[in-house]
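Enquirer: Chain residues, written in single-letter form:
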Amino acid sequence: MEANTYSPPYAKLLKAGMSLLWIVYFFSFFVGGFLTLDTVLGLGLFTFIPVSFYLEGDAVGKLFPVLSDQSTVLAVDMGSLKVDSAPIPLRWIAGISYFGFVFIWIYIIRLLHDILGSYLVDKPFDPMNSKRLLKLGAILLIGTTINDFVLGPLMIHQASKMIQVEGLQFHYLSNIGPNITEYLTGLFLLMLSQIFRRGAELQHDSDLTV
Amino acid sequence: MAIVCTLDRILLERGMTLTELSERVGLTLANLSILKTNKAKAIRFSTLEAICKELGCEPGDILKYEKDGK
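In the order they appear, the protein sequences are chains A and B.
Numbering of the first sequence is given in the working numbering, commencing with residue 1 and proceeding in unit increments.
Numbering of the second sequence is given in the working numbering, commencing with residue 1 and proceeding in unit increments.
Watch out, some of these pointers could steer you wrong.
[Unchecked claim] With a straight-line cut-off of 27 Å between C-alpha atoms, the simulated BS3-like cross-links for lysine-lysine are: (1) K15(A) with K123(A); (2) K123(A) with K53(B); (3) K131(A) with K39(B).
[Said to hold, decoys possible] Among chain B residues calculated to face chain A with C-beta under 7 Å, some are: (4) L35; (5) K41; (6) T47.
These are calculated hints, taken from the structure and not from any lab test.
In this text, all values refer to a predicted model and were calculated from it rather than measured experimentally.
The C-beta atom is built at its ideal place from N, Cα and C for all residues, glycine as well.
Put together the whole structure using the sequences plus the hints.
Expert: So this is what it looks like as structure tokens:
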């Protein structure tokens, strides 16, 4: 009987990719927990509250909670300006965003790892791959919607309470509105999952044809 | 399943094992087993021809039509 010696093209590259994904997978747990705590506690070691502000003109700023006194620095391209400390609701919203992002990131890494694994054993048209792609597309669409229409506006609303600097007018418009690229990518993944679903059906028929 | 395979009966009549047939026909034992247990979704003419040639029978001797519930 013929031994199962299948080796896909670029097998070594696939294995290397899977190993890399495993490393990222485990590393993400630590990084994710750290980023979340960093933001919620307002330590400001590595994270910033992801709200961008457009000053009048071309200047762009970001909010950073800073280390010692938990006050916040509004960094602009002209320098930096200290304002009141980031309110706790804003830190929590940002922290939850980071936590959600890292949690989803870890799950995406897992899905990609499993998809690569199916290629390695010559089963790309596995019904599970169709489901994995469907999940990836759904995560992207739902995640983008939540980020664009719920968390983003909430953060901006909270942040607007702390930005009261005399003599400067802020127009905080970023993070609002749909991200077309992510929506299109999500839709593309959903279409791809349907193609893979059909592929899995054909593969099943082919496997049962003698 | 309306079409059923009667390969096991023919093999019994010929005194041949499934392994022996698989070696003669050049099919894997797994594929012949799929056919014998009625799990196959389709059968190629070339496969049918090879089996009929080795067993000295007609396609109708291997495949039967049965009404549902029988």
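Enquirer: Can you name, in rising order, the numbers of the hints this structure does not satisfy?
Expert: 2
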